[in-house]
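Participant: Protein sequence lines, in the order shown, are assigned to chains B and L.
Counting along the first sequence from 1, when you hit position 227 you're at 227 in this note's numbering, and nothing is skipped either side.
Counting along the second sequence from 1, when you hit position 143 you're at 143 in this note's numbering, and nothing is skipped either side.
Any given hint could be a false lead.
Straight-line distance between alpha carbons at most 25 Å, and here's what the computed DSS-like set of lysine-lysine pairs gives [unchecked claim]:
#1 148/L to 143/B
#2 220/B to 8/B
#3 148/L to 94/L
#4 225/L to 220/B
#5 240/L to 220/B
#6 164/L to 148/L
#7 103/L to 240/L
#8 67/L to 48/L
#9 285/B to 67/L
#10 130/L to 182/L
#11 285/B to 48/L
#12 146/L to 225/L
#13 225/L to 48/L
#14 67/L to 143/B
#15 174/B to 12/B
#16 146/L to 220/B
#17 103/L to 143/B
#18 220/B to 66/L
#19 66/L to 285/B
#20 146/L to 130/L
Everything labelled a hint here was simulated from the structure, so no lab data went into it.
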Amino acid sequence: MSSIKNRKSAIKNMQRGLHRFALLVAGATFFLIIAGALVTSHDAGLATEDWPLSNGQVFPEMVGNLFWEHGHRMVATTVGLLTIGLVILLYRWVFLRFVKRLLGMQGHTSLHPGEPPQWLRRLGLIALVGVIVQGLLGGLTVKLMLPLWVSTAHATLAQLFFCTTVALAVFTSKSWVQYDLTVEEKGTLPIRYVCAAASATILLQLVLGATLRHSATWDKHLPTELLVAHIVGAIAVALILATATFLILRRHPEVKFLTRPATIAMALVGLQLLLGVAAYLTRLKSPDDPQPLHPMVGITVAHVACGALVFATTIVMTLRASRALRSAPSWVTGEVAASRGI
Amino acid sequence: MFKQMKGWFALTVILSLLALGSSCGNKATNEATPETATTGTPFTPTGKEGTVTGVIAYTGAAPAPKKIDSSADPVCGQSNPNLSTEDTVVKDGKLANAFVYVKDGTTADGKKIADYTFATPTDAVALDQKGCHYVPHVLGVQVNQKVKITNSDPTQHNIHPTPKSNPEWNQTQPNGAPPIEKTFARAEVLVPVKCNQHPWMKSYIGVVKHPFFAVSAEDGTFTIKGVPAGTYTVAAWFEKGGPNGTEKTMQVTVPASGSGKADFAFGEAATATSRPGGLQMMPAIEVPMIARH
Ligand code: HEM
Ligand code: HEM
Numbered sequence: 001m002s003s004i005k006n007r008k009s010a011i012k013n014m015q016r017g018l019h020r021f022a023l024l025v026a027g028a029t030f031f032l033i034i035a036g037a038l039v040t041s042h043d044a045g046l047a048t049e050d051w052p053l054s055n056g057q058v059f060p061e062m063v064g065n066l067f068w069e070h071g072h073r074m075v076a077t078t079v080g081l082l083t084i085g086l087v088i089l090l091y092r093w094v095f096l097r098f099v100k101r102l103l104g105m106q107g108h109t110s111l112h113p114g115e116p117p118q119w120l121r122r123l124g125l126i127a128l129v130g131v132i133v134q135g136l137l138g139g140l141t142v143k144l145m146l147p148l149w150v151s152t153a154h155a156t157l158a159q160l161f162f163c164t165t166v167a168l169a170v171f172t173s174k175s176w177v178q179y180d181l182t183v184e185e186k187g188t189l190p191i192r193y194v195c196a197a198a199s200a201t202i203l204l205q206l207v208l209g210a211t212l213r214h215s216a217t218w219d220k221h222l223p224t225e226l227l228v229a230h231i232v233g234a235i236a237v238a239l240i241l242a243t244a245t246f247l248i249l250r251r252h253p254e255v256k257f258l259t260r261p262a263t264i265a266m267a268l269v270g271l272q273l274l275l276g277v278a279a280y281l282t283r284l285k286s287p288d289d290p291q292p293l294h295p296m297v298g299i300t301v302a303h304v305a306c307g308a309l310v311f312a313t314t315i316v317m318t319l320r321a322s323r324a325l326r327s328a329p330s331w332v333t334g335e336v337a338a339s340r341g342i
Numbered sequence: 001m002f003k004q005m006k007g008w009f010a011l012t013v014i015l016s017l018l019a020l021g022s023s024c025g026n027k028a029t030n031e032a033t034p035e036t037a038t039t040g041t042p043f044t045p046t047g048k049e050g051t052v053t054g055v056i057a058y059t060g061a062a063p064a065p066k067k068i069d070s071s072a073d074p075v076c077g078q079s080n081p082n083l084s085t086e087d088t089v090v091k092d093g094k095l096a097n098a099f100v101y102v103k104d105g106t107t108a109d110g111k112k113i114a115d116y117t118f119a120t121p122t123d124a125v126a127l128d129q130k131g132c133h134y135v136p137h138v139l140g141v142q143v144n145q146k147v148k149i150t151n152s153d154p155t156q157h158n159i160h161p162t163p164k165s166n167p168e169w170n171q172t173q174p175n176g177a178p179p180i181e182k183t184f185a186r187a188e189v190l191v192p193v194k195c196n197q198h199p200w201m202k203s204y205i206g207v208v209k210h211p212f213f214a215v216s217a218e219d220g221t222f223t224i225k226g227v228p229a230g231t232y233t234v235a236a237w238f239e240k241g242g243p244n245g246t247e248k249t250m251q252v253t254v255p256a257s258g259s260g261k262a263d264f265a266f267g268e269a270a271t272a273t274s275r276p277g278g279l280q281m282m283p284a285i286e287v288p289m290i291a292r293h
């Protein structure tokens, strides 16, 4: 009896440890996105022509804009190491089994209880590949002198990597692992689909934002066509996210597991719209400034960071919706919809 | 759900490619045609060359220079405590740092100036980084003439020209490093140069096929020497007024061993006139250089 209890608590500890580490990686990545955005806003990307070293050194004197560029590289290195740590945590049983087999020792051939499932381990590996490719793209953008497509790919992959680390934190969380209240979708428009559509629209908006931002340094005016596309994208994001939040609050007001990310995402998108307008206004003026100055730097960086948060919370909401909701048989859907007039 | 997501993903990818495509499209139109003509008549001075001289005026109140915050690199503040912007340097209504050059025209014997070839000077033009700004702020070189870049500051700089027709490059020059020598193979007025270490640092290099160019001095005056007799379109370029500065042109006739006059004016409602020399007059045309990306 007590041994079962011990085992259960051991599993719990393992899950909690993994979750905490995943949270650490996600938090560090958010900080890295801020550090990266500071590089762009200061036009510091080419403060050194050099990569992977900075001016031929591991630790150059970080004066002028090199502070931002080299600082970003150091934070990125830390995140890379943390990601390796996370993969080691995810694979430690696989590794132990492998070593035991090599040494000809008898031991578990089956999965260790509490061992993360294969798909979760693989997600960790995907994150590792992501961070490596991202580092290479970072180097490429320096070597090629910030061509639009590399800088945009670097900014977009940063957001995708961040959302992978957030997903890892979601999948290892207690609320996810222990969730057992799956309910059927109500209404004709399944919430899971609306959430997935919101995530995809935001990703598109992030790509548009990155293309816009990397089309003009602080001393140039932003291209109008891209700006208009980005504003149209913002309206689409706001509408589709509002629909998802509305449906969740209306149909499942008691399911905190869903309502919480939905309301947070909605609040963040409101903030993001304000920051977007402020970013536009400060960028309108910045070409007349002698150098990149506040509030332009602070506001554009905040807009990039808040964009990452909007994306991450929407991903959390989408994943949780897929966990908490399942399709209803079609005849029920029709009836409920008819009775509710949805 | 996965099917749905796949569809969205495909849509996202397509739209982002379109977005990228549209933004890259602009670049393609900027590609310049190679213009280092290797064929043509070599230009040989006859000894009867003249000059184009003039004064660049700035009408109206000039914007005050803006103070630069150089605190990110303490060396800059120590060596140059009054660092400020140099885009509109005006003294007594006269504008410094305007780039004036012969843009086009025909010599007295009926040959187009563009049909001549010119020997590349062997001496290099100097560009120094001193007190965390470029000295000079505007300079001219001939195609393939060397620019010798030095760093007189006890800190590191990176030199990063962003031309449209010539290849872009970026090179770090730590304090004490030897001079960097570079050339530009194509004519381009003007190539912006920046330092990503100290983002306020800007300089402009006018790359011209022939030696008929000058930069206005602090009193707004300039002299283009060695110009063969003929009738020319002379252009003056000023850093402000458009995304790539403003260019004004006028027709000037240079008599043999004589002087043609080309006075320009920038600033509020400025209209320039070409004064005597007994020559053809034509109002200057103001071209905001949007199309020249
Ligand atoms: C490994 C994880 C990395 C992440 C998550 C990351 C993330 C970012 C982000 C979010 C930006 C800002 C984009 C924007 O504001 O639009 C950025 C910019 C930048 N990053 Fe990274 N980065 C990473 C690694 C690196 C590395 C190793 C380098 C090495 C050279 C690098 C070089 C740059 C440069 C040069 C910029 C400025 C680009 C520009 O101004 O166009 N990054 N990064
Ligand atoms: C749902 C709403 C929005 C999202 C998710 C969003 C996201 C983003 C992101 C992520 C970037 C930078 C991308 C990168 O480099 O990594 C960006 C750039 C930008 N966004 Fe938005 N945006 C939104 C709404 C708006 C609105 C309403 C405006 C206002 C007119 C706006 C104006 C801008 C501007 C001007 C930039 C470029 C900033 C710069 O040049 O530094 N955005 N956006």
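Participant: Now look at each hint and say whether the structure bears it out.
Facilitator: Hint by hint, here is what the structure shows:
1. 148/L to 143/B: holds, 23 Å
2. 220/B to 8/B: Violated, because 60 Å separates the two Cα atoms, which is more than 25 Å.
3. 148/L to 94/L: Not satisfied, since the Cα-Cα distance of roughly 29 Å exceeds 25 Å.
4. 225/L to 220/B: Between residue 225/L and residue 220/B the Cα gap is close to 35 Å, so the pair fails against 25 Å, i.e. violated.
5. 240/L to 220/B: holds, 12 Å
6. 164/L to 148/L: Answer holds: residue 164/L to residue 148/L is near 21 Å, not above 25 Å.
7. 103/L to 240/L: holds, 20 Å
8. 67/L to 48/L: violated, 47 Å
9. 285/B to 67/L: Holds. Residue 285/B to residue 67/L sits at ~16 Å (cutoff 25 Å).
10. 130/L to 182/L: holds, 19 Å
11. 285/B to 48/L: violated, 51 Å
12. 146/L to 225/L: Answer holds: residue 146/L to residue 225/L is near 20 Å, not above 25 Å.
13. 225/L to 48/L: Holds, at roughly 11 Å.
14. 67/L to 143/B: Violated, at roughly 33 Å.
15. 174/B to 12/B: holds, 9 Å
16. 146/L to 220/B: violated, 29 Å
17. 103/L to 143/B: violated, 35 Å
18. 220/B to 66/L: holds, 18 Å
19. 66/L to 285/B: holds, 14 Å
20. 146/L to 130/L: holds, 20 Å
Violated hints, in rising order: 2, 3, 4, 8, 11, 14, 16, 17; the structure is consistent with all others.
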